[in-house]
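Asks: Taken in sequence, the protein lines are chains X and F. Under my numbering, think of the first position of the first sequence as 1, with each following residue one higher. Under my numbering, think of the first position of the second sequence as 640, with each following residue one higher.
Hint data in this document are derived by calculation from the structure and do not stem from the laboratory. Wrong hints could be hidden among the right ones.
[What the hints assert, rightly or not] Subject to a maximum C-alpha distance of 25 Å in a straight line, what follows is the list of computed SDA-like cross-link-like pairs (lysine to any residue):
no., chain 1, residue 1, chain 2, residue 2
1, X, K146, X, L286
2, X, K190, X, R48
3, F, K735, X, H414
4, F, K735, X, K146
5, F, K673, F, E758
6, X, K504, X, H414
7, F, K734, X, N484
8, F, K734, X, S247
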Amino acid sequence: MTLRRKTFVIITTILLLLVLFLYFLSRIILLNSYLQLEENIARNNTSRVLNALARELEQLSRTTADWAYWDDTYYFVQDRNEAYIAANLTDGTLASLHLNFLILVDNDGEVVLSKFVDLETEMETGPMFNPEEIVPLLVPDFTDLKGDVRSILQTSGGPVLATSRYLLTSLAEGPVQGRLILGYMLDDSKVEDLSQTLNTSLRLHPPTFPVPVDGLQPVVTAVQTNPAAIAVYPIDRNTVAGYALISNLINQPVLLLEVDTPREVYQQGLATFTYYILSLVIVGALFIVVTLLLLDRIVLSRLNQLSQRVDDIRRTGDLTLPIQVDGEDELSTLARETREMLSEIAAFKEALENSNLELEARVRQRTEELLAANEALRVEVSQRERAQEQLAAARDQALEALNLKTQILANISHDARTPLNIVSLRAEMMLRESYGQVTPKQKDALETILLSAHELLHFINNLLQESQTRANAARLHNALFSLNEVVQEVVALTRPIAERKNLKLNVEISPDSSLTYLHGDVSCLKRILSNLVDNAIKFTEYGEVTVRGFLPDSDHWAISVTDTGPGIAEADMASIFEAFWQADGSITRTAGRGVGLGLSIVKQMTLLMEGKVTVQSNSSGSTFTVSFPFRTAGSGGGV
Amino acid sequence: MAEYQALIVEDDAALGSIFAEVFDSCGLQTTVVKDGRLALTWLEDAVPDLILLDLHLPHISGLEILDNIRANSRLKTAVVAVVTADAMRSREASKKADLVLTKPVSLNQLLQLAEWFNEGRD
Chain X
1 MTLRRKTFVI ITTILLLLVL FLYFLSRIIL LNSYLQLEEN IARNNTSRVL
51 NALARELEQL SRTTADWAYW DDTYYFVQDR NEAYIAANLT DGTLASLHLN
101 FLILVDNDGE VVLSKFVDLE TEMETGPMFN PEEIVPLLVP DFTDLKGDVR
151 SILQTSGGPV LATSRYLLTS LAEGPVQGRL ILGYMLDDSK VEDLSQTLNT
201 SLRLHPPTFP VPVDGLQPVV TAVQTNPAAI AVYPIDRNTV AGYALISNLI
251 NQPVLLLEVD TPREVYQQGL ATFTYYILSL VIVGALFIVV TLLLLDRIVL
301 SRLNQLSQRV DDIRRTGDLT LPIQVDGEDE LSTLARETRE MLSEIAAFKE
351 ALENSNLELE ARVRQRTEEL LAANEALRVE VSQRERAQEQ LAAARDQALE
401 ALNLKTQILA NISHDARTPL NIVSLRAEMM LRESYGQVTP KQKDALETIL
451 LSAHELLHFI NNLLQESQTR ANAARLHNAL FSLNEVVQEV VALTRPIAER
501 KNLKLNVEIS PDSSLTYLHG DVSCLKRILS NLVDNAIKFT EYGEVTVRGF
551 LPDSDHWAIS VTDTGPGIAE ADMASIFEAF WQADGSITRT AGRGVGLGLS
601 IVKQMTLLME GKVTVQSNSS GSTFTVSFPF RTAGSGGGV
Chain F
640 MAEYQALIVE DDAALGSIFA EVFDSCGLQT TVVKDGRLAL TWLEDAVPDL
690 ILLDLHLPHI SGLEILDNIR ANSRLKTAVV AVVTADAMRS REASKKADLV
740 LTKPVSLNQL LQLAEWFNEG RD
């Protein structure tokens with residue numbers, strides 16, 4: 001729904017509602033007023049007729065008075081002088097007074113004289129009704145001295161207007177000699193006269209008049225029950241009728257008066273109302289047209305123009321298209337702001353495009369740089385790969401050489417052991433004097449041979465072990481063992497050497513059951529222990545060497561070897577575990593030989609078993625301690 | 640006291656003769672063979688009480704001989720002492736041998752072994 005259509009619908013609806021409201025309001029107020037006015041007019045008309053009838057009776061009463069207070073008439077009733085009749089009661093006299101009848105009644109109520117005249121012919125006629133019909137109805141009140149009575153009566157000849165007076169002298173003195181009654185017929189011509197005189201349409205009906213119009217009867221009934229009331233009721237579109245009941249002196253209904261009034265006022269009101277509504281509709285329609293035209297000119301067409309422009313811009317994507325709305329108001333402001341916004345967007349768009357171009361250029365540049373870097377990297381990688389290959393080859397060669405060396409060393413070791421064994425066995429046998437007695441000097445020499453053989457063997461063993469460790473050939477072979485047994489075995493092998501140097505070799509194994517069975521590599525442990533004990537014996541000239549097995553804490557077991565040697569200088573502490581470490585003069589002097597590989601092997605093997613080696617030393621001796629965790633893959637725990 | 644019979648399988652004649660000399664001196668009846676083949680041949684007819692077996696032998700290795708001995712129920716009473724200079728092999732041999740002696744073997748070890756027999760293998 002367009003804005004225009006919406007506006008049209010809203011304005012039309014509002015106007016329609018307004019017209020409807022005004023229509024009903026006017027209808028209620030205006031037409032009811034007209035109806036009220038009309039009723040008042042009809043009531044007035046009816047009253048007017050009633051007043052006219054009263055005036056007729058008044059007129060008649062005055063005429064009656066002229067005749068009744070007259071000596072001629074006064075005396076005529078007494079003497080019945082015919083001359084009076086001949087002189088005064090001619091036909092012309094009554095006709096000139098528009099009277100239809102004259103009745104004289106004596107004090108006994110007897111009719112003395114009655115005379116009827118036809119007003120058209122102005123001639124006396126026969127009685128139009130029996131005078132006796134009306135005489136009893138015109139009896140005056142006692143209080144009224146003149147006996148003035150006036151009434152509309154129904155007779156067998158039709159309705160009549162009649163008045164009555166006492167017969168008095170010309171000086172209006174009594175005694176009363178009777179009554180004079182004058183009157184005329186209320187016939188159609190008289191009614192017509194009245195109608196013309198009053199300029200109104202009136203009709204006389206019998207009091208029991210059956211009203212022919214539907215719905216009128218209740219009104220007539222209401223009037224009939226209340227003689228003083230006037231009822232008004234519209235008979236049809238053109239006529240409204242007022243009704244009144246006319247009674248005689250004893251309150252008997254005589255006539256039903258109907259006075260018709262044209263409904264000019266009401267019709268005028270209706271016409272006015274119609275014109276009013278019509279003009280309202282026309283003005284409303286004009287208002288709609290003018291409003292729409294103005295709205296269209298001031299707002300809608302300009303809005304449409306703006307919308308069209310914006311749509312053009314949207315369709316073409318050209319942000320530079322002009323947006324212009326005439327005038328200086330909110331719409332032109334909107335157009336201006338839209339224009340400014342679009343120009344900002346255009347600027348932004350341009351900046352974005354520039355930025356995009358710049359970005360693309362940068363990306364291109366970076367991509368090229370990246371490609372170059374990639375190429376350089378690829379070259380470098382291939383160079384590195386080549387280098388690595390060369391390195392791997394070199395490493396393989398080195399490993400091969402190392403393995404070869406280890407193999408050679410193993411062979412040497414193996415091949416050297418047998419002759420060494422022969423030497424040592426022979427020497428031992430000779431010392432035991434298996435081949436005859438030996439002199440002390442020979443014994444000394446044999447002991448030297450034995451010691452040297454032992455050292456040589458030890459050296460070979462260490463060389464081999466070092467080589468194997470380096471080639472990572474040393475593997476742990478864990479098994480359950482008894483610490484005491486291992487220590488005793490190692491000590492047994494070195495005991496002869498200790499004894500020869502007069503050194504005490506002690507073994508102190510803690511009785512703790514945790515040390516009864518341990519898990520680990522026995523040969524490794526033996527090598528560690530024999531190296532430590534050998535070293536201790538080697539560097540101790542006096543005193544003792546003590547091997548201890550103990551628990552330093554709940555998670556570790558340990559072996560320590562303590563000697564009473566000269567100790568190790570603080571400066572040498574850091575390097576004693578290095579392979580082929582040469583001790584300084586103080587040690588070489590005492591031991592006479594290099595330390596060689598012993599401590600290096602101790603350290604490597606201890607680490608292999610995930611243990612730790614520590615040394616404490618002072619001038620009174622050194623203590624080497626190796627400790628191992630109970631529960632590790634390397635050593636395992638006690639059972 | 641019955642004489643115990645000892646077989647020494649050692650390719651080095653000098654060492655073999657020393658072993659024999661020591662055992663003889665302890666009252667064992669000793670035989671020395673120089674290689675595995677001879678050892679197996681000798682074992683076909685005799686049941687020694689002690690076999691001192693070098694692992695590094697020509698023709699047939701000490702381990703093979705050990706397997707043969709262990710497979711032969713006739714020889715189940717024999718005490719097999721392996722002598723080797725090779726630590727790796729000694730480990731292998733220790734699963735089957737009664738005793739493993741690592742070269743250099745000391746005179747004490749030999750004497751103790753002989754003593755053990757002389758004292759009734761208790």
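Asks: Does the structure keep K735 of chain F and H414 of chain X at a Cα separation of 25 Å or less?
Replies: holds, 22 Å
Asks: Would you check the hint for K735 of chain F and K146 of chain X, treating anything up to 25 Å between C-alpha atoms as holding?
Replies: violated, 188 Å
Asks: Would you check the hint for K504 of chain X and H414 of chain X, treating anything up to 25 Å between C-alpha atoms as holding?
Replies: Roughly 32 Å between the alpha carbons, so the hint for K504 of chain X and H414 of chain X is violated.
Asks: Compare the distance between the alpha carbons of K734 of chain F and N484 of chain X with 25 Å, and conclude whether the hinted pair is satisfied.
Replies: Roughly 22 Å between the alpha carbons, so the hint for K734 of chain F and N484 of chain X holds.
Asks: Is K673 of chain F close enough to E758 of chain F, meaning Cα to Cα at most 25 Å?
Replies: Outside the cut-off at roughly 29 Å; violated.
Asks: Starting from K146 of chain X, check that the Cα of L286 of chain X is at most 25 Å away, please.
Replies: violated, 76 Å
Asks: Sort out whether S247 of chain X lies within 25 Å of K734 of chain F, counting only the CA atoms.
Replies: Distance ~166 Å between K734 of chain F and S247 of chain X Cα, so the pair is violated.
Asks: Assess, step by step, whether the Cα of K190 of chain X is no farther than 25 Å from the Cα of R48 of chain X, and give holds or violated.
Replies: holds, 16 Å
The structure is inconsistent with the numbered hints 1, 4, 5, 6, 8, although it conforms to all the rest.
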